[in-house]
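Below are the chains, spelled out letter by letter.
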Amino acid sequence: MAKPADVSVDSPALDTERPPEQQGLPAGVTNAAVWADERLGLASLLKKNLRKVFPDHWSFLLGEIALYSFIILLLTGVFLTIWFKPSMAEIEYQGTYQLMRGLPMSEAFASTLALSFDVRGGLLVRQIHHWAAMLFVASMTVHMLRIFFTGAFRKPRELNWLIGVGLFSLSLIEGFAGYSLPDDLLSGTGLRFVDGLIRSIPLIGTWAEFFIFNGEFPGDLVIPRLYMVHILLVPAVLLGLIAAHLALVVYHKHTQYPGAGRKDGNVVGYPLFPVYMAKAGGFFFVVFGVAILMGATMQINPVWNFGPYNPAQVTAGSQPDWYMGWVEGAIRIMPNWEWHLGSTTWSWNVVLPGVGLMTALFVLLGAYPFIERWITGDTAEHHVLERPRNNPTRTAIGVAGITCYGMFWLSGGNDILATQFKLSLNAVTEFMRVAVFVAPVIAFIVTKRICISLQRADAERVLHGSETGIIERSPDGGYSEPHRPISIDEKFTLTQHVQGKALEATPDTDGHGVAEKGAGVSSLRALASRWFYAGVIAKPTKDEIAEADHHADGHDADGHEVKAGKSESAGQISH
Amino acid sequence: MSIETSKPGTDVDRHPVPDPGLEEHVERYTDVDQAAGDRAYRQVVMMLAAVPVLCIAFVVIYFAVPSDSFIDLFGMQWNALNSLLGLTGGLATLLIGLACVHWAKTIMGDEEIAEDRHSAASSTEDREVFAREFAKGAEQAGLGRRKLIGGALGGALGLIAVPAVVLFADMGPWPTAAVRKETIERTIWAEGIKLVNDITQRPLKASDIEIGQLVNAQPANLWDYHGTEFQVEKAKSSIIIVRMDPDRIKIPESRQDWQVGGILCYSKICTHVGCPISLWEQQTHHLLCPCHQSTFDLGNSGVVVFGPAARALPQLPITVDADGYLVARSDFTVPVGPSFFERDSQHDFKEGDR
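If you read the sequences in order, they're chains A and B. Just so we're aligned, residue 1 is where the first sequence starts under the working numbering, counting upward by one. Just so we're aligned, residue 1 is where the second sequence starts under the working numbering, counting upward by one.
The reader is advised that the hints may include incorrect statements.
[Unchecked claim] A short list of chain B residues far from chain A (calculated; beta carbon distances all over 10 Å):
#, residue
1, V26
2, A36
3, G144
4, Q201
5, S345
[Stated by the list, open to error] No more than 25 Å apart at the CA atoms, straight line, and that leaves these computed lysine to aspartate or glutamate pairs for DMTMM-like:
#, chain 1, residue 1, chain 2, residue 2
6, A, K263, B, E24
7, A, K542, B, E23
8, A, K263, B, E111
9, A, K253, B, E111
10, B, K105, A, D489
11, A, K52, B, E139
12, A, K48, B, E115
13, A, K48, B, D110
14, A, K253, B, E112
15, A, K52, A, D264
16, A, K263, A, E467
17, A, K48, B, E139
18, A, K263, B, D19
19, A, K263, B, E112
20, A, K155, B, D19
21, B, K194, B, E182
22, A, K85, B, E229
[To be verified] Rough simulated footprint, nothing fancy, chain B against chain A, three-plus residues with beta-carbon under 8 Å:
#, stretch
23, 196-202
24, 306-314
25, 403-409
26, 443-451
Hints were generated in silico from the structure; no laboratory data involved. The structure displayed is predicted, hence computed values, not measured ones. The beta carbon of each residue, even a glycine, is placed where N, CA and C say it ideally should be.
Input sequences plus hints: build the corresponding full structure.
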């Protein structure tokens with residue numbers, strides 16, 4: 001055994017190196033910080049990130065709501081697992097809820113009743129859990145729309161967009177698995193539908209059905225299996241993806257809306273410590289508090305009204321949770337196309353609107369950033385967000401997408417629409433069959449025109465200022481409205497955007513539209529690019545602004561006539 | 001690597017108005033007015049001070065309020081425990097959040113600061129160093145000279161997935177032709193099985209059913225099954241019995257002996273995705289599925305008249321036994337329920353069949 005070296009106590013080598021004492025911090029805190037830093041090296045990590053800047057905007061809270069809802073779901077979900085029994089074994093109910101005493105039901109349903117009636121606070125937590133799930137999917141959806149309409153998915157954030165699409169699709173599966181668990185009449189009907197959906201898949205459908213349900217519907221294993229998917233498999237993947245999503249947000253730094261001093265090369269906002277810690281941390285409690293109040297005051301999924309699952313019963317007006325409504329709608333309005341080839345059945349009436357449509361949505365969402373980049377040829381990094389009006393075609397595509405989704409979603413309630421508005425169910429269904437195709441086209445055209453009008457209005461404001469609302473009468477009897485110049489900050493904000501230009505076909509390409517740099521632009525790509533930029537208003541040039549400023553200086557009250565004369569030059573359409 | 005903000009030469013185009021720089025910081029009311037600042041301070045503290053009170057209330061309510069007591073309020077019946085726990089707990093949580101946000105917005109310094117942003121890409125030097133180090137590592141691994149290791153490793157890693165996948169082969173019985181025949185392609189209906197009311201379990205006589213009436217029924221032997229098996233069989237065997245005026249409906253020649261004086265019997269399981277069909281339009285003889293609104297004409301062998309279902313409802317051939325009870329003549333002649341790939345759908349009834 002090595003003999004300890006004999007060192008004198010005052011040897012300098014023994015002195016622990018301590019950072020200079022911080023002013024104002026209590027000794028206890030300082031000591032704890034030193035203790036932690038000696039083991040974790042936190043100071044070097046935090047010195048850069050403690051005051052990391054985050055920009056401020058209400059729309060940046062949407063993603064936060066989704067994140068916090070997920071945390072609420074984890075917390076309330078753990079509570080529910082303490083009592084919930086994921087078993088399809090049949091028992092006779094003898095619990096507190098008198099109306100169902102003596103009824104045969106699964107242990108899953110009985111334990112859900114016990115959670116709702118016997119466990120104190122159980123109903124509250126069940127309802128918070130369900131409401132938080134609604135908030136989770138809803139906020140994620142709106143967050144995604146915000147990202148889309150402001151072009152935040154552009155380079156370098158395409159991968160984070162893909163992670164987001166993954167989160168979105170998984171959250172739908174997670175939600176569906178969750179609401180199937182109580183084994184009430186409504187959720188059992190949902191499972192019955194999924195059984196029909198799975199077995200409709202050509203070639204492998206029956207095999208998939210037998211593997212998932214352990215044989216025929218309903219079997220005795222689907223709820224235990226969905227339970228595992230719901231509380232372990234999908235949440236674990238969600239957690240990993242959320243971690244990656246946030247890590248990339250930190251690495252890329254948050255995008256920001258255009259404004260004075262905001263550039264692609266900087267980020268303007270408040271520091272993480274203390275402002276964002278208080279704001280974002282506080283917002284978690286706000287979201288949680290609201291979710292609890294919703295659970296306390298708004299009934300959701302009252303399974304005791306539906307009763308246990310019975311394959312021979314169904315209620316009129318049965319619908320899935322709202323986020324699956326669009327798939328439900330597609331299933332309802334699909335024409336009854338089915339092939340009977342030899343001794344096989346190809347059930348297009350189920351597989352196309354169910355499996356096909358869901359796949360199409362996620363593939364289109366995932367591919368969009370790459371498609372747009374191919375069309376525009378934009379290879380630059382973007383950190384300043386685009387105002388939706390400044391990219392009319394993208395905005396129009398987004399609104400068309402929302403409209404299409406909305407039409408499918410409404411179709412999911414075609415029976416409710418028919419009964420509430422006293423319409424023929426068949427007429428509603430047939431109308432929707434057309435509307436899912438026509439309404440998006442109308443929405444596209446209208447949105448694009450609105451965006452272009454807004455661009456014109458912006459140009460107008462930059463060149464001629466804002467309307468004062470004062471009508472002046474000139475000595476010779478003419479009336480005009482003077483305009484007040486807008487601030488330089490606003491002028492900058494309205495003119496800072498990058499004005500894209502349509503790609504032109506290079507004659508010496510191979511003709512296959514290879515998107516690689518330097519490989520040339522195919523005529524197809526040029527055509528797509530021309531379509532994308534068609535009708536965009538050229539923003540005012542430096543000279544136009546200078547001239548307009550000069551004009552305004554000279555003729556203060558010469559409002560309306562000047563405006564009419566100038567708007568034409570500002571409204572030139574670039575092709 | 002700097003951020004490529006726009007294409008070279010277009011900078012003037014991008015910024016016809018030069019960037020005026022960050023706007024000047026405007027002090028808030030709470031910064032300049034001592035009283036307002038103090039008020040904000042008090043508000044934050046008061047909000048936080050209310051939290052312990054609410055927490056104590058929560059605990060008291062948890063133990064004091066019985067879980068079956070109700071409050072009548074706003075024309076609704078509120079579960080007292082659920083609502084009060086939620087109100088106190090929710091308010092406490094909300095107040096913590098509101099206090100923090102209020103603190104950040106009114107008391108913490110609100111000077112915006114700008115931080116430089118760097119391109120997501122690594123610098124050219126970093127890339128060069130990485131490439132050098134990678135080359136060194138690759139050289140060290142010896143893959144350049146002994147290429148087969150790479151291929152063999154790739155193949156091995158790929159194939160190691162096979163045992164993992166095979167492990168799942170027992171997730172369910174394999175739906176081979178023989179298994180399908182004993183599961184999804186048959187029900188427990190058979191010759192001589194009585195049709196019974198699905199609630200009372202009483203056998204049904206032809207004379208019990210009047211024209212226009214619909215009865216939900218099950219095979220009498222359903223209650224021989226229990227638990228999961230009961231549910232599996234019920235999900236296929238559920239039927240509806242309807243009686244219509246034989247002169248007002250179409251009964252094809254091949255099905256003349258499938259009915260008893262206008263009493264017809266159909267599978268209750270929709271051929272679309274399997275919902276139990278329920279809504280009976282007595283006058284038109286149409287049956288509507290409440291899930292996706294497929295509509296079947298029971299006066300015409302169950303053919304689809306509207307909606308997403310593609311196949312007619314399977315009809316169960318019935319007759320009466322010596323005592324006058326309705327009994328099945330056989331199982332369904334085609335599989336009931338939604339379509340599946342291996343289903344032979346040539347024998348389903350189609351409009352125009354005789």
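Hints breached by this structure: Result: hints 5, 11, 16, 17, 25, 26 break, sorted rising.
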